[in-house]
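The listed protein sequences correspond, in order, to chains A, B, C, D, E and F.
Once you know that position 3 of the first sequence is 3 in the numbering used here, the rest is easy, because the numbers rise by one and skip nothing.
Once you know that position 109 of the second sequence is 109 in the numbering used here, the rest is easy, because the numbers rise by one and skip nothing.
Once you know that position 65 of the third sequence is 65 in the numbering used here, the rest is easy, because the numbers rise by one and skip nothing.
Once you know that position 106 of the fourth sequence is 106 in the numbering used here, the rest is easy, because the numbers rise by one and skip nothing.
Once you know that position 76 of the fifth sequence is 76 in the numbering used here, the rest is easy, because the numbers rise by one and skip nothing.
Once you know that position 69 of the sixth sequence is 69 in the numbering used here, the rest is easy, because the numbers rise by one and skip nothing.
Just so you know, these hints were derived from the structure itself, not from any lab.
A hint or two may mislead.
DSBU-like mimics (lysine-lysine), calculated; alpha carbons at most 30 Å apart, straight line [said to hold, decoys possible]:
hint: 1; chain 1: B; residue 1: Lys92; chain 2: A; residue 2: Lys54
hint: 2; chain 1: D; residue 1: Lys47; chain 2: D; residue 2: Lys94
hint: 3; chain 1: D; residue 1: Lys54; chain 2: D; residue 2: Lys92
hint: 4; chain 1: C; residue 1: Lys94; chain 2: C; residue 2: Lys54
hint: 5; chain 1: F; residue 1: Lys92; chain 2: E; residue 2: Lys94
hint: 6; chain 1: D; residue 1: Lys54; chain 2: A; residue 2: Lys47
Protein chains: 6
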Amino acid sequence: MGTVSLLSDEEVSPEALAVFNDIRALRGTDYVNNFWRALAHDPALLKATWERLKVVMGPGELDPLVKEMIYVAVSTANGCSYCVHSHTAAAKAKGMTAAQHGELLGVIGMAMQTNGIVTGLQVDVDEVFRT
Amino acid sequence: MGTVSLLSDEEVSPEALAVFNDIRALRGTDYVNNFWRALAHDPALLKATWERLKVVMGPGELDPLVKEMIYVAVSTANGCSYCVHSHTAAAKAKGMTAAQHGELLGVIGMAMQTNGIVTGLQVDVDEVFRT
Amino acid sequence: MGTVSLLSDEEVSPEALAVFNDIRALRGTDYVNNFWRALAHDPALLKATWERLKVVMGPGELDPLVKEMIYVAVSTANGCSYCVHSHTAAAKAKGMTAAQHGELLGVIGMAMQTNGIVTGLQVDVDEVFRT
Amino acid sequence: MGTVSLLSDEEVSPEALAVFNDIRALRGTDYVNNFWRALAHDPALLKATWERLKVVMGPGELDPLVKEMIYVAVSTANGCSYCVHSHTAAAKAKGMTAAQHGELLGVIGMAMQTNGIVTGLQVDVDEVFRT
Amino acid sequence: MGTVSLLSDEEVSPEALAVFNDIRALRGTDYVNNFWRALAHDPALLKATWERLKVVMGPGELDPLVKEMIYVAVSTANGCSYCVHSHTAAAKAKGMTAAQHGELLGVIGMAMQTNGIVTGLQVDVDEVFRT
Amino acid sequence: MGTVSLLSDEEVSPEALAVFNDIRALRGTDYVNNFWRALAHDPALLKATWERLKVVMGPGELDPLVKEMIYVAVSTANGCSYCVHSHTAAAKAKGMTAAQHGELLGVIGMAMQTNGIVTGLQVDVDEVFRT
């Protein structure tokens, strides 16, 4: 269990239930995952987070699958287990193949490695990289 | 200055110079950026890092620009200034537009935000997300 | 299980037991939580950590509940599940309401989000912010 | 310089300028700090971030100064220099004394310390801490 | 379960099985731990990671036990539970005593603490520390 | 400049000056580095931090140089530039060779890399690693 309980449809406020139903409609499934059920303790935060997520992860300049992989990358670097699980699942649902998953992990690992070496060396930023 | 000096071509070992020259050949420029000049104090680590980077960031299942954006995402979450600068520059060189950069930052910000909220809530992973 | 076992009162050294009993006296409960039972493998580290915690989290310029919320914020950013659980429980015990918990998560999420965007942009610090 | 330039009032879009002016009005100063001038390359992200920040950091269940200190705590754990500078300045502007600043740093340091020790010990969460 | 399944010897490719057998030979045990079984979904990444690990953690300028303790320190700061468990076990197998483990945790905690305080203070680097 | 000014000997309290003088005596130099001069705004935090540092980094089960390298490793993973600089300098002063520095960076990079891959895979901890 988390630091708060997971709320059922019967336990949430009307505002939170409306968010749950919007999640269902957009995703085409009756399932509402645990994150939203925990967040429903604060309906305003729930609604703001969901509304923003729809915009950020929706159609735009980057491919939806690419966005999910970037989400996985950030979540991995931050060590958020739930986020890695949920967004890896979302990436697979959007077509990420096993080979792409392997490459994603390879790039994450490479970036982590050089992040560490660069920080240990405290390398000055090249003038050529500055805008 | 960093924790080590930046080595000129004249100061590095033959093994390190060979890496510098491979970087030049692959990138089509005479410029060798500071990271490699700092890393050249350990020619074996320099060579291993460069050889691995070529493989990971080279042709594969993911688009080279996508790989750079994932690299930026990880580097941002880890707070590596040099890495953010160098890989944002690399992404721009591979065609990242200002609009794509904005979306990348939006996804990074969104992921960071929910990473924090999820971790604060300590949400249990849904069974449906587990393999 | 952790990387070390949890020690019972019967298994710990007299120095560690004295710390356990001080924890009990200060908190008004017989329960000693797992962190201290794991840390008791190193009685000196146990004692130093507890003695310092008492000072830092004790009466001072900041309200005890505010201190717990700051503790939760740091622990969340660092991804320490145990710490998020234990200090969220402590905050609740010191009166944190569900509405305050929601706001705390909102601020954490906002800070994480702008931390990511600022780091991705590598914004120079304004002169006006420097002492 | 950052990964993007800082935009002057003359260089930004009307939508971004409207945000700048809202920042000025709310803060009672003509100064718009670098974060917003960098973010103005993406007016939609600028607007969404500012609108959300107003809500999260505005009046609510927690004292505005407490919110700023939580913001500093998260930014410190994430190593965001700009954010530490700007929100420490904001906290001072909202009345944080030198003594409170010292206590804030003490709590951050204490949390970081036990985050590390707990993670190294991999302590299981006590049942009593779970909701 | 993770984001991928753990592969048995019967399920992996010949290239991955060769890595498993090299792990067995080098460690003198038939047991192949979960990390490698998960990574075997991408035989090339598996092989590259293992080959590099052998070099980095093998004989060199630093004592093998010291290398494991450094590995634990990094993994702790990054909040990687699996890595803390596996490398603490490896350190114990290489002779780390309970007293050394306690000191390792003490140093990690001290470093985390001052990392937080220094970052909160945004202390300028002394000229004397720069190369 | 940081979030607070650096205090000269003339500006600090007698309690803080006593800490400065103890630092001088222990290190055999008149130089007091910036961290302590910034921390002197809170003499109690200054004293507690210094007293604890002396114990943790002093004689014990681990070699002083090993402790410094562990300190560098944690500071690198946390992205604390000042800490990386100051403790790398301290490690060099205690005899760390260029070859050892290279190996330290190699281990840090390797750990960062597998931290990322393991977290991305969300590998379950092997029973054999649990105490």
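Okay, the hints, checked on the actual structure:
Restraint check: the Cα-Cα separation between B/Lys92 and A/Lys54 comes to about 26 Å, which is no more than 30 Å; the hinted pair holds. For the hint pairing D/Lys47 with D/Lys94, the CA-to-CA distance comes to about 24 Å; that is within 30 Å, so the pair holds. With a CA separation close to 18 Å, the supplied pair D/Lys54 and D/Lys92 stays within the 30 Å bound. Distance restraint check for C/Lys94 and C/Lys54: the Cα-Cα separation of roughly 15 Å lies within the 30 Å cut-off, and the hinted pair is therefore satisfied.
This hinted pair checks out: F/Lys92 and E/Lys94 have alpha carbons roughly 26 Å apart, not beyond 30 Å. This hinted pair checks out: D/Lys54 and A/Lys47 have alpha carbons roughly 16 Å apart, not beyond 30 Å.
Checked against the numbered hints given earlier, the structure satisfies every one of them.
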